[in-house]
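As they're listed, the protein sequences go chains A and E. Under the working numbering, the first residue of the first sequence is numbered 4, with each subsequent residue one higher. Under the working numbering, the first residue of the second sequence is numbered 22, with each subsequent residue one higher.
One should not assume that every hint holds.
Taking CB as the label site, the calculated pair distances span [stated by the list, open to error]: (1) E:Q261 - A:K82: 36 to 44 Å; (2) A:G168 - E:T183: 36 to 44 Å; (3) A:L199 - E:R62: 46 to 54 Å; (4) A:S58 - E:K185: 30 to 38 Å; (5) E:S74 - A:N79: 58 to 66 Å; (6) E:Q261 - A:R134: 43 to 51 Å; (7) A:L199 - E:L275: 54 to 62 Å; (8) A:S58 - E:G85: 22 to 30 Å.
The hints are simulated quantities; they were obtained by calculation from the structure and are not laboratory data. What you are looking at is a predicted structure, and each value in this text was computed from that prediction instead of being measured. Using N, Cα and C, we set each Cβ at its ideal position, and we do this for glycine too.
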Amino acid sequence: MGFLSYVLRRLAFLGLVLLGVSMVVFFVLRGMPGVDPLAAYIAPGLPMSQEALASLRQELHLDEPLPLQYVYYVGNLVKGDWGFSRTAAQPVLEALLARLPATVELAFAAVLLSTAIGIPAGIVAALRKDRAADVAVRVVSITGISFPVFWLGIILQLVFFYYAGQLGLPTLPSRGRIGDTIALIDPITPITGLFLVDSLLAGKLAFFGSALRHLVLPAFALSLISLAAVVRIMRASMLEVLRQDYILLARSKGLPTRTIVLRHALRNAITPVLTTAGTTLGILLGGAVVVETVFAWPGVGSLAAQGILNNDSILVVGFTLFVAAMMVLVNLVVDVLYAVVDPRVRY
Amino acid sequence: MLAQLASIRRSTLASTGAVLFLAIFLAGAVAPLLIPASVVRDVQFGARLAPPSAEHWFGTDDFGRDLFALVLLAASLDLRVALSVVLGAIVVGTVVGAVAGLVSRLDEPIMRATDIFLSIPSLVLAMAIASVLGRSVQNLAIALVLVSWPIYCRLMRGQVLTEKQKPYVKSLRTLGVGPVRMIFLHVVPNTLFPVVARAPADVGLILITLAALSYIGFGPGPYVPEWGSLVAAGQAYIFQAPWLVFFPGVAIFLTSLSLNLVGDWARDVFDPRLRS
Numbered sequence: 004m005g006f007l008s009y010v011l012r013r014l015a016f017l018g019l020v021l022l023g024v025s026m027v028v029f030f031v032l033r034g035m036p037g038v039d040p041l042a043a044y045i046a047p048g049l050p051m052s053q054e055a056l057a058s059l060r061q062e063l064h065l066d067e068p069l070p071l072q073y074v075y076y077v078g079n080l081v082k083g084d085w086g087f088s089r090t091a092a093q094p095v096l097e098a099l100l101a102r103l104p105a106t107v108e109l110a111f112a113a114v115l116l117s118t119a120i121g122i123p124a125g126i127v128a129a130l131r132k133d134r135a136a137d138v139a140v141r142v143v144s145i146t147g148i149s150f151p152v153f154w155l156g157i158i159l160q161l162v163f164f165y166y167a168g169q170l171g172l173p174t175l176p177s178r179g180r181i182g183d184t185i186a187l188i189d190p191i192t193p194i195t196g197l198f199l200v201d202s203l204l205a206g207k208l209a210f211f212g213s214a215l216r217h218l219v220l221p222a223f224a225l226s227l228i229s230l231a232a233v234v235r236i237m238r239a240s241m242l243e244v245l246r247q248d249y250i251l252l253a254r255s256k257g258l259p260t261r262t263i264v265l266r267h268a269l270r271n272a273i274t275p276v277l278t279t280a281g282t283t284l285g286i287l288l289g290g291a292v293v294v295e296t297v298f299a300w301p302g303v304g305s306l307a308a309q310g311i312l313n314n315d316s317i318l319v320v321g322f323t324l325f326v327a328a329m330m331v332l333v334n335l336v337v338d339v340l341y342a343v344v345d346p347r348v349r350y
Numbered sequence: 022m023l024a025q026l027a028s029i030r031r032s033t034l035a036s037t038g039a040v041l042f043l044a045i046f047l048a049g050a051v052a053p054l055l056i057p058a059s060v061v062r063d064v065q066f067g068a069r070l071a072p073p074s075a076e077h078w079f080g081t082d083d084f085g086r087d088l089f090a091l092v093l094l095a096a097s098l099d100l101r102v103a104l105s106v107v108l109g110a111i112v113v114g115t116v117v118g119a120v121a122g123l124v125s126r127l128d129e130p131i132m133r134a135t136d137i138f139l140s141i142p143s144l145v146l147a148m149a150i151a152s153v154l155g156r157s158v159q160n161l162a163i164a165l166v167l168v169s170w171p172i173y174c175r176l177m178r179g180q181v182l183t184e185k186q187k188p189y190v191k192s193l194r195t196l197g198v199g200p201v202r203m204i205f206l207h208v209v210p211n212t213l214f215p216v217v218a219r220a221p222a223d224v225g226l227i228l229i230t231l232a233a234l235s236y237i238g239f240g241p242g243p244y245v246p247e248w249g250s251l252v253a254a255g256q257a258y259i260f261q262a263p264w265l266v267f268f269p270g271v272a273i274f275l276t277s278l279s280l281n282l283v284g285d286w287a288r289d290v291f292d293p294r295l296r297s
């Protein structure tokens, strides 16, 4: 079978996953026992007449049987009508898409950090299995997953913004994506929405510097969430690969350990880290809700958190669907790239 | 199994974790008995935001309440919720998983359902469920059970499928033992350990998720001490009174660290796939 048909079959499969996700989300929104689904659509405390409520109920098809409601619901989702968010004063999908670049930039920086630290750490732990370095990596990664990230974020702000400032040391910004002054006097026109990319394209280095400095603390806090997973997977998969016959052959040919690990083993050992990228992204997007709130980062996560405070369930539920869809998309891209890169994958 | 449990003494990290967790657990258990409820209710604006001292070990909060007492009371709530959530998830997950493993007609639908649940990040799905149910700690706990059972379901199903092939199950079936009796009296006890091995690390994870969701707004409000809410309340005074954020956070960190240390060991000892 050809490559194209493989991609099409993956697409069909992921379509099914999305359909399943939409069922769960629909059930959460409409099927919870003891919850009137209409409540999600009305601002709490807003005075509304019985007639207005009844006509809203009819408009949302809430009087119809659940399976029929689901058909309407999915139909609207496909058309891009994800409901209206009171928090953003905007349609849900529009509000999420507008804030997506900020989150992508943050999540991408976090992925870079956690792989840049996690992959070497995992390799070292595997090579020194059960020795001091392995135990050290293990302790550090267990410590890493035990940190409540929101708390760590606040402590980072305290140290690198407040205490550093009091001691006259260089500080790192604690809130937002960009300095207020620079955003006013020398703004950039959004192209991709990623500040780092757009400012480089426009050749505005001061803007780039400010954006980068704002990114450091939140990206570091977020990277801790996925770091332990990267280390653990990398270690296990490296141990597995090092047991293979071809490594034994390389060793008996007298190749230096360095060449064996970096040239021969790493290439095969790294794939499990890549294939879990979709799951990692999901974990990071969950973490983004918390980290973006701490650092006032204007992304989809902090929007969802505001939605919670406003009892804006339509937005929060839409966010859930959005995150699941992003994960599905990333999984698709990873699968396809994987099939291109690894000749052993049969279509 | 008892020999495996006893082997915890040979792991320094795991036994440190176990001792630490027991200490925190005991402190949380006795706190509501020893600390009068008035500590939470009595507002003393004269003693607002006092730094840590001999009288107030962790300082006082913006209502002038003793933070040490609040953190201890919060331990009781957070641990109670995290432990009941994981217990609930294990009960639901193992029962549904055992059914999937034994009744082949239900296997496919149940497994596809868990696939869907596992394809949504648990924190995000819990957020959506708790938001629709309404903001409260109880609803948060329900939401966390709803997102945590599928992993136990899968584990249990896998266990049951391997267990089913073993001769003792076949001989019991020949002896006329019915399916319900078979599941609960014979299969579950033989397969529970690898499933339960996940529990310590999971309690740690749920504890952090609970505190995080509570921090972003699902918390019980200022008159019910909870670790995540205490951090959120203290954040407004972070530069004036950093202890308000510091101590509740350290409490979350130490508790989840102790559980992860035990969990790391438990996974190695009880997970049959990792046994070499």
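The hints, checked one at a time:
{"no.": "1", "hint": "E:Q261 - A:K82: 36 to 44 Å", "result": "51 Å, violated"}
{"no.": "2", "hint": "A:G168 - E:T183: 36 to 44 Å", "result": "60 Å, violated"}
{"no.": "3", "hint": "A:L199 - E:R62: 46 to 54 Å", "result": "50 Å, holds"}
{"no.": "4", "hint": "A:S58 - E:K185: 30 to 38 Å", "result": "56 Å, violated"}
{"no.": "5", "hint": "E:S74 - A:N79: 58 to 66 Å", "result": "59 Å, holds"}
{"no.": "6", "hint": "E:Q261 - A:R134: 43 to 51 Å", "result": "46 Å, holds"}
{"no.": "7", "hint": "A:L199 - E:L275: 54 to 62 Å", "result": "37 Å, violated"}
{"no.": "8", "hint": "A:S58 - E:G85: 22 to 30 Å", "result": "51 Å, violated"}
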